[in-house]
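Engineer: From first to last, the protein sequence lines stand for chains A and B. Residue 1583 in the numbering used here sits at position 104 of the first sequence; the count goes up by one each step and never skips. Residue 22 in the numbering used here sits at position 10 of the second sequence; the count goes up by one each step and never skips.
Treat the hints as calculated values from the structure; they're not laboratory data. Please note that the accuracy of each hint is not assured.
[Stated by the list, open to error] As a list, the in silico DSSO-like pairs of lysine-lysine whose alpha-carbon atoms are at most 27 Å apart:
id: 1; chain 1: B; residue 1: 192; chain 2: B; residue 2: 163
id: 2; chain 1: A; residue 1: 1704; chain 2: B; residue 2: 23
id: 3; chain 1: B; residue 1: 139; chain 2: B; residue 2: 163
id: 4; chain 1: B; residue 1: 151; chain 2: A; residue 2: 1638
id: 5; chain 1: A; residue 1: 1482; chain 2: B; residue 2: 16
id: 6; chain 1: B; residue 1: 42; chain 2: A; residue 2: 1638
id: 7; chain 1: B; residue 1: 80; chain 2: B; residue 2: 16
id: 8; chain 1: B; residue 1: 42; chain 2: B; residue 2: 16
id: 9; chain 1: A; residue 1: 1676; chain 2: A; residue 2: 1666
id: 10; chain 1: B; residue 1: 30; chain 2: A; residue 2: 1704
id: 11; chain 1: A; residue 1: 1663; chain 2: A; residue 2: 1642
id: 12; chain 1: A; residue 1: 1638; chain 2: A; residue 2: 1676
id: 13; chain 1: B; residue 1: 139; chain 2: A; residue 2: 1638
id: 14; chain 1: A; residue 1: 1704; chain 2: B; residue 2: 16
id: 15; chain 1: B; residue 1: 192; chain 2: B; residue 2: 151
id: 16; chain 1: B; residue 1: 80; chain 2: B; residue 2: 163
id: 17; chain 1: B; residue 1: 131; chain 2: B; residue 2: 80
id: 18; chain 1: B; residue 1: 139; chain 2: B; residue 2: 151
id: 19; chain 1: B; residue 1: 139; chain 2: A; residue 2: 1704
id: 20; chain 1: B; residue 1: 192; chain 2: B; residue 2: 16
id: 21; chain 1: B; residue 1: 42; chain 2: B; residue 2: 80
id: 22; chain 1: B; residue 1: 42; chain 2: B; residue 2: 30
id: 23; chain 1: A; residue 1: 1482; chain 2: B; residue 2: 131
id: 24; chain 1: B; residue 1: 131; chain 2: B; residue 2: 42
id: 25; chain 1: A; residue 1: 1704; chain 2: B; residue 2: 163
id: 26; chain 1: A; residue 1: 1482; chain 2: B; residue 2: 163
id: 27; chain 1: A; residue 1: 1704; chain 2: B; residue 2: 151
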Amino acid sequence: MNKIFNINSALTIFIKDFRSELRTRYALNALIMFVITTLAIILFAVANETPSIEISAGILWIVIFFSAMSGMARTFVSEEERGTVMTLHLIAKPSTVFFGKLLFNLILLFLMNIFTVVLYLILIPSFIIKSYDIFLLTIFLGTIGLSAASTIIAAIIAKSNTKGTLYPVLSFPILLPLLMIVIKSTKSALEGIEIAKAMGDFQVMIAYFVVITAVSYLLFDYVWKD
Amino acid sequence: MDIKLEVQNIKKIFNGRKIFSDINFQLENKSALAITGRNGSGKSTLVKILAGVLSPTNGQVDFYLNGKSIDLQNRYQYFGFVAPYLQMYDEFTAMENLELFARIRNIEVDKDYIDLLLKRVNLYERKDSYVREYSSGMKQRLKYAFALLHKPPLLILDEPRSNLDAEGISVVYQIIQEQKQSGCVVVATNDSEDIQFCNQEIDLNQFRNIAK
């Protein structure tokens, strides 16, 4: 029976991308600079004001969303720009390529989100987490949902001529349900409510990830080919 | 290994312009096919369709191994492909590229065999140099090592002599001869020397401007 994808091959594609990223810094530099610049602008804008819990939670995810938009597309765009897409076509199944790229985006986004949250906690004094369990689970599930959606959108836009502008535009409607729920859940973490009351939000985040990954798997073959 | 490539009624339209249509042929063990035609006749398009990296607008390509049909998603295991537009990873060395390709293909990383391939294409001395430091001819040689890494029964070559010097061309001809003994070769070319190695020929000029 044919396997959906080959785990070893997908892991090797992830390792290839990771080593390539360390050598070329295609996405990493863009992500770090974007996070730092955006947070600096927020600091100037907020000045001595104390933003409300809703605003603080919203701003955190705005930073994460736009930073992800500046870096996640690189996984496929860099292959397209360097002309190595065909090489990948010739050595692996489309589904294997997709899961390898998804894993890379997932790890990259996790690292970026840790960096963003740490900086945010240091620079925004009013951002005080009262329920760490809700917050960590929100970051975890938000990251996997965001990376799943970003990966398939990156594969789609890599084929277009207007890659840079198309990515956030195409991503926004797809990511909107996820962004709304993670902002709500982050607000719950800042308010310090019990984790049991946030379970509904987590179920939505898990469902989002499962649906996006399943649809991406089914679509990727068509997106990847021509 | 008994292989058969069957092409039925292939047609390709790009942005409303027909490239070719009604292409039919069959390729069996120990044979070589030359695909010829003027610039823009669709030679590269046809080899990409054969390799499964491009879909035809109409028609189908079937590949059989020992009488069993191999589905499109798994054909990459049996095809080797060389073309001037194929790119290796510039940020890795030749050795790293080939090791990564072997791992992604999920085949054993046989360093002795990789060394043998690199010696054959005369890149062994430079195996630890980054590909970005290679000349275009050296990159073309590396593509042959890439194509032969998994010992494919079908080798597809688009412009096989591209960027190569006389020594490189002689190695390519040896590879074609050997591949003909063990499997099949498809060569997209306009060079009469390349065509000499082939026992079948498809001239794409005949398939142009035929009514849709």
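Engineer: All the hints need checking, so say for each whether the structure fits it.
Structural biologist: Hint check results:
For the suggested pair residue 192 of chain B and residue 163 of chain B, the alpha carbons sit about 13 Å apart, so the restraint of at most 27 Å is met. Simply put, residue 1704 of chain A and residue 23 of chain B have alpha-carbon atoms about 17 Å apart, close enough for the 27 Å limit, and the pair holds. At roughly 20 Å between alpha-carbon atoms, residue 139 of chain B and residue 163 of chain B fall within 27 Å of each other, so this suggested pair holds. Between residue 151 of chain B and residue 1638 of chain A the alpha-carbon distance is near 25 Å, which keeps this suggested pair within the 27 Å criterion.
Straight-line distance between C-alpha atoms of residue 1482 of chain A and residue 16 of chain B comes to about 25 Å, which keeps the hinted pair within the 27 Å bound. The hinted pair formed by residue 42 of chain B and residue 1638 of chain A fails the criterion: a straight-line CA distance of about 38 Å is larger than 27 Å. With a C-alpha separation of about 10 Å, the suggested pair residue 80 of chain B and residue 16 of chain B falls inside the 27 Å cut-off, and the hint holds. As the CA atoms of residue 42 of chain B and residue 16 of chain B are separated by approximately 10 Å, the hinted pair is consistent with the 27 Å bound.
Annotation: proposed proximity of residue 1676 of chain A to residue 1666 of chain A holds, straight-line Cα distance about 13 Å (limit 27 Å). Between residue 30 of chain B and residue 1704 of chain A, the direct Cα distance comes to roughly 19 Å. Compliance with the 27 Å bound is thereby established for this hinted pair. About 30 Å separates the Cα atoms of residue 1663 of chain A and residue 1642 of chain A, which puts this hinted pair outside 27 Å; it is violated. Our distance criterion of 27 Å between C-alpha atoms is broken by residue 1638 of chain A and residue 1676 of chain A, whose separation comes to about 43 Å.
For the hint pairing residue 139 of chain B with residue 1638 of chain A, the CA-to-CA distance comes to about 33 Å; that exceeds 27 Å, so the pair is violated. Between residue 1704 of chain A and residue 16 of chain B the CA atoms are separated by roughly 23 Å; this keeps the pair inside 27 Å, and the hint holds. A C-alpha spacing of about 24 Å is found between residue 192 of chain B and residue 151 of chain B, which places the hinted pair at or below 27 Å, so the restraint holds. For the given pair, residue 80 of chain B sits about 19 Å from residue 163 of chain B by alpha-carbon distance, which is consistent with the 27 Å threshold.
Under the criterion of a C-alpha separation no larger than 27 Å, the hint pairing residue 131 of chain B with residue 80 of chain B is inconsistent with the structure, at around 35 Å. Among the hinted pairs, residue 139 of chain B with residue 151 of chain B is consistent with the structure: their alpha-carbon atoms are about 11 Å apart, no more than 27 Å. For the suggested pair residue 139 of chain B and residue 1704 of chain A, the alpha carbons sit about 32 Å apart, so the restraint of at most 27 Å is broken. In summary, the hint linking residue 192 of chain B to residue 16 of chain B is supported, as the alpha carbons are separated by about 13 Å, within the 27 Å threshold.
Restraint check for residue 42 of chain B and residue 80 of chain B: the C-alpha separation of about 18 Å stays at or below 27 Å, so the hint holds. For the hint pairing residue 42 of chain B with residue 30 of chain B, the CA-to-CA distance comes to about 32 Å; that exceeds 27 Å, so the pair is violated. A distance of roughly 36 Å separates the Cα atoms of residue 1482 of chain A and residue 131 of chain B; the hinted pair therefore is violated under the 27 Å criterion. Under the criterion of a C-alpha separation no larger than 27 Å, the hint pairing residue 131 of chain B with residue 42 of chain B is consistent with the structure, at around 25 Å.
Proposed proximity of residue 1704 of chain A and residue 163 of chain B is supported: the alpha carbons are some 24 Å apart, at most 27 Å. Restraint check for residue 1482 of chain A and residue 163 of chain B: satisfied, since their Cα atoms lie roughly 23 Å apart, inside the 27 Å limit. The hinted pair formed by residue 1704 of chain A and residue 151 of chain B meets the criterion: a straight-line CA distance of about 25 Å does not exceed 27 Å.
Hints 6, 11, 12, 13, 17, 19, 22, 23 from the earlier list are contradicted by this structure; the remaining hints agree with it.
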